[in-house]
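Chains as they are written, first to last, in this note's numbering: chain U, 1 to 328; chain R, 1001 to 1353; chain W, 2001 to 2506.
Bear in mind the hints are in silico, worked out from the structure with no lab data behind them. None of the values given here were measured: they were computed from a predicted structure. You may find that some hints are simply not true.
With a Cα cut of at most 30 Å, we get these calculated DSS-like pairs of lysine-lysine [as the list claims (entries may be wrong)]:
(1) R:K1131 <-> W:K2342
(2) W:K2382 <-> R:K1213
(3) W:K2363 <-> R:K1215
(4) R:K1213 <-> W:K2331
(5) W:K2250 <-> W:K2072
A few chain U residues that face chain R, going by a derived Cβ cut-off under 8 Å, partial list only [as the list claims (entries may be wrong)]:
(6) D33
(7) L39
(8) V212
(9) I216
(10) Y290
(11) V309
(12) E313
Ideal placement from N, C-alpha and C gives every residue a C-beta, glycine not left out.
The lines below spell out each chain.
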Amino acid sequence: MMRDLIPGRFAFGKTNLTLPTILIIGYVILAADSGGTLLSKQALRGILAYLAVPIIIGLAQMVVLAIGQMNLAIGAMGGATCALMATLMADHQIPVALALIIGLTFATLLGVINGILVVITQLNGFIITLGTMTILLGVQYRLVRSFTVDKYSSALQEFGQQNIAGVPYLFIIAIAVAAVLSLYFAKTASGRNLLATGGNAVAARLSGISNVRSIIKAHLISGILVGVASGLSIASLSGINRSIGGDWLLPSFAAPIIGGVLLSGGTVAIFGTVMAAGVVRLVDVARAQYSLDPSWVNFVLGIIVLSTVALSEWRKRRAEENRITVRA
Amino acid sequence: MTSLQSQTPKLRNSRRYLLNRLLLNQRFALGLLIVLLFVGFGIATPAFFNGEFVVFPLLRDTATFTVVGLAQLCALSIGHMNLAVGRMAAVSAMTAGFTYEKFHFGLIPGVIVGLATGAAVGAFAGWLIVKSRVNSFVVTLSLDFALLGLVTLVYISFTDAAAFTTKPAGMDTIRNGSLGDYCIGNLCGPSLIPLLAIPSVVALVIVWWIFSKTKLGRELLATGANLRAAQLSGVPTERRIVTAHMMSGLLAGLGGLMLAMTSGSFSAAVGSEFMLPSFLGPILGGTILAGGSVAVFGTMLGTMLTLLIRQGLSVRGIGLETLNIALGSVLLLALSTERLRTFIAVHRKKGVE
Amino acid sequence: MTEPILTAHNLFKAFPGVRALNGVNLTLLPGTIHALLGENGAGKSTLIKILTGLYQADSGELVLAGRPFDFKSPHEATVAGIGVVHQERNLVPNFSVAENITLQDPPRSFGVVNKRIQRELAQQALDTLGVELDLSDKVTDLSVAQMQLVEIAKALVIESKVLLLDEPTASITEVEAEKLFDVCRRLAAHGTAVIFVSHKLEEVFELCDVVTVLRDGVSVLESAKLSEFTMDQIVDFMVGRQFAHRIVSKRDIDRSGTPALRLSGISTSIGHRDVSFDVYRGEVVGLYGLVGAGRSELARALLGLHPIISGQLELNGKAIRIKHVRDAVHKHGIGYVTENRKDEGLFLDFDVRTNIAVTIWQKIAKRFGRISVVDEDRIASKYVERLSIKVSSTEQLAGQLSGGNQQKVSLARWLAAETRILFIDEPTVGIDVRTKAAFHDLILELADQGLAIVLISSDLPEVVALADRIVVVHGYRTLETIENDKDYPTMSKRIMTRIQSMTKAA
C-alpha cells in the first residue's frame, strides 16, 4: 500500500532492472560502434577478466557502507597485500598456495585492526582508515620499493589467463564470492545481525545484537574481500609495484552507491553492486575504444556518483512527505 | 585554543596546578615538542641545522601546509570534512596557470582568479551538501574524483606536457625570496623566513580573527556544536554550511597556489598530497572532529610538528615509507587520545540530569 | 490468590537537584492490564526507565517472577522478560515484519536462519494477537499503528512476562487504538501482564483493570481496582491539592488593540489544519493538549521550520510570511524556548555567555562582523543577574548547570534578543517543585512587563496557574479557546472533557 504512494519505483538505481538494462544497451552500442570487434571471444574474455577485481572491491566497500561507515584504505590494503604475496613468492620462494593463504590472512587481519580501532576510538571508519591507509602505503613501498616484481609465479599468472567456455576463471571466482556473500547476508543470522546494526543500532542492541561485533565483522569481511581481490589481481597482472591499488578507491565506492546501497546503512545490494561494477567497467571499455584519456573515467564516474547521491536523498524526502500527507 | 568554551576545567587544590595547566594546554605542549624534536634531530644529525637546505624549505613547506590545514579546519568547524582539498587546490592552480599561460596575466590577477575558483568550487560543495542532505564526506569524496578527472583533462587538452609552464613575473622571487631580501636601512629581515610565510601568516590571522572575534565565526562554531540549537536560535545554518565550505575551498586554493609557486609548475599533481596533512595539522593542533571548537594557531604548530618529523627523518636518510608509517601512526594516536580527552572532560561535568 | 509477577517496593531515585521517586510501590498480577498514571514530572518516566533497565533505583526492592532484579541495561530487562513498546519505534527499517518479530533470537541451525520456522513463529504471534499483517512487508512500509503491533508481537515471541506500553495511542487513529486494545486483552488472556501508560483517561477506563497513580514521586494510589473509582476521583489523585497554594488571581489583560500574534486558519505541511488563536501583549496563552497533539510542531512551523500552506499569520495586525527561522527571530521578534533544552536548546559545551548571546550577535556586531566579548559579557551578565542564574561566572559551561538554571539560560537568550512573542515549550519538565514555582513567577513577571507568551505544556496545573486563556489542541487542530477563571477543578474538568470527547472512538 505505502509502496504505491512512493513515486519513481523504477527509477535509476533502485530496482534490479535498470542497471542490467543500461549494461546491455551500453554494450550493444559499443559493440556496434567497434564494428563487431567487441563481440569477439577475446574481447569478451578481456572485459570479464578485468571485471573480477572491481566486483570484489565494490563488495568490500559495500559491506562497510552497510554499517554506515567507509573504508578509505581498500586500495592500500590491496596494494600492501599484493606486494606481500609477490615478494614472498619471488624473493623467498614461497609456494603459490601458501603465499595466497598468507595474503588472505594478512588482509583479513588488517580489516580486523580497522574494526577494532573504530570501536575503541568510537570515531567513524573513514578517518581511522585514512590513518591505516597511510601506514599501509608505507608498508607497500617498503616491500617493493621502486621495483616491479614480475617473476613471482608463472603458474599463477597462467591461471589468470585461463578460462572455461570463454569465461575466465577469475570472473567465475568473483561471481562465486558474490554469490556466497549474497547467501551470507540473506540467510545467516550473523549476516542479518550485521544489517540490523546498520539499520537501527538501538533496536539491534535492545534485541541482544552486539553492535561492536557487527562493526568488527563488517571490517573483517571487507578485509577478506580485499584479500581475495589481491589474489585475483596478482593472478591477472604482469607485475606488482608500489602503485597497485592506487586506483581502487573510486570504483570501490562508485559501485555500491550506483548499485543502490543506501547511504544511511542497513542494506546491501549485491546484485546492484555487481551490475554497477559492470557499468564502471563499461565506462572504461568505452574510454579505451574511443581512445579517451583515463581521466574521463574519473570525471564521468564522479559525476554519476554525485548525481546518484543527490537523487537518492531527494527521492527519500518525497516518500517522507507522501507519508505525512496521508496522515492528515 | 580559539573556541567558545572555557579552557580546561580548573584543577583546584593541586600542588602542581600551574604545571598541569601548562601541560594540558595543547599549544604549549606542541611548542615544547617541536623545540625538543628540533634540538634532538639537530644533535643526532648536525646537518639538520643547515639553514639553506633544511630550515628554509621546512618553513616554506610549513607555510603552505598550514594553509592546507586551515582549509580543513574550516570544514571541521561545522563538524564536516572536506575530502576534496587536494583537488580544489589543483583546480585553483589550474585556473591561475591557465591565465598565466593563455592570457598572460600578471602574478596577482592570476592568484585572484585561482582563489575565486577555489572559493566557487567550495561553495558548490557546500550547496550540494545542504541540498542533498548527504554526508559531507561522501559528497566531497565524489567531488574529488570528478575534479581529478576534470583537471587532468584540461591539462591534457590545453598543454603539451600536461602542465602550464609559463611563470608570471615575480614567481621566482616568491619562491626563493626570504625576509632577508628586504631591508630598512641596514636592518634586514631574517633570511631564514621565506616570503611565502607572509600569505600563510595573513591567512592564520584572518582565520583566527574570524573565529574568535566575529559574528560569522561564532555562528559557524554554533552550527558545528549543535545544529538544531543554532537553527532554533536564528543562526542561518544552511548559509553558514555553504560559507564554511567556501572558506575551505578558498584556502585549499591558496595552498595549491603556494605549492605551485614553490615547485615552479602548474600541473594536475598539485594537491595530490594534501589529504593527510590537511587532517594532521588541525587534529594535532586540537581541533575537534565533531565540530564547534577549532584551534587555529594549533594548526600551524601541528603542521610544523608533522613536517619537522618528515624533515628530520629524511635528513637521516630514512625513506618515504617509514615516514608514511610514522605519520599514519601519529594520526591514529592523536585520534585515540582525542576520545580520551573528551571522555575526561565530560566525566568532570557536574549537575547534569 | 495469584502470585504477583512483578513487585516494586519503596523505590527511591534522585538526580542532582531533583527527587524523582520518593517511595513508589507497585504490584503487578499476571493477566491484568495495569494503568500507570501521573502528570508530567510525577515520576512515571523514571519508574518506566527503572523497570526497563535504563536506570537503576537508588534503593528499594524489585522482584520479577519471584526473583529480585536490578537490571544494568535494557537488554538484561528484555531477556528477563520485561518487554516494552516505547514512544519511538525500535524496528530495523529494511527488515521484514517476520524478521523484526524474531530479531531477538531468530530460529537457526548452524548459523543459517530457518526462514520457514521464522515465518511460523511470527505468524503464531500475530495470530495470538489477532493481527493480520503481511509477513514479508518491510516495516518502513507500515503505518505507525502497525509498527506498534509488530513490536508487541516481538515481545510475545520472546515470551515476555510483562509488556509495558508507553503512550501507545499518541500517534494513531481511534480505530487503530481499538485494535490495539483488543490485542492487549488477548495478551492478558494469554497470561502476560500489561502496563498501560497513558494520559487519555477515557481509554484507560475502557481498557484497564487496575490502576497506580504517581504524584510528586509517590504512588498515591497503589494497584487499585479501577472499577471502584470514578474518573473525577482519579483526576484528583493525579493532580492533588498542592496547587491550592498557587491560587493565582486573574490578570487584567488589555485586549482592546490588535493582538501581538494572530493565527487564522493556519494549515502546515506537517498536518496542522485550521489552527486559529491569538495572543495579546502582556498575556499568557496556554496551548494545552496531550502528547502528540501537534503543539511543539506548530511552534516550529511558526518559527519557520515547516512551510505554512494556507491561512493567515498576523503580527501586530500586519500579515506576515515567515520563510526562515532567522526572519522570525531577528525581524519579527519571535522566540522559542525549546522542549529538550539539552538536545536542542543549549550548547552544552559552550559557556553561559555564548549561550545567551547567540541570538544577539546580529545586533551587537560592528563593522566587518566584529563582536566584542565585553559587549557579549555585559548583556549576558545583565540577564544572569535579572533571572538570578546561579553560575560562578559567565564563563561556566552550560552543561555543568542544574536543570533549573539551564532553563533560565535558555530563557535569558530570548530576553536578550528583546523578543516580543515568546513560545515556551514544556519548561518545567524534570525540575523540582520549588524551582518550578520560581519559574512560574518569572513567566508571569515577564508577561507583566509586556511580553506576549504562548505556553505549551502538558502539565494542566501549570497551564491553569499561568494562562489567561487556554487553547485546547488535539490532533493537529485547535478545538477551542477558553477564558481561564483560574479555578482548577472547573477548568481541568472542562478541558479534560473536551479532549476526552475527541478521543472516544468514532
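Hints, one by one, checked against the model:
no. : hint                : result
1   : R:K1131 <-> W:K2342 : holds, 27 Å
2   : W:K2382 <-> R:K1213 : holds, 21 Å
3   : W:K2363 <-> R:K1215 : holds, 10 Å
4   : R:K1213 <-> W:K2331 : holds, 24 Å
5   : W:K2250 <-> W:K2072 : violated, 49 Å
6   : D33                 : violated, 21 Å
7   : L39                 : violated, 29 Å
8   : V212                : violated, 15 Å
9   : I216                : violated, 17 Å
10  : Y290                : violated, 13 Å
11  : V309                : holds, 5 Å
12  : E313                : holds, 5 Å
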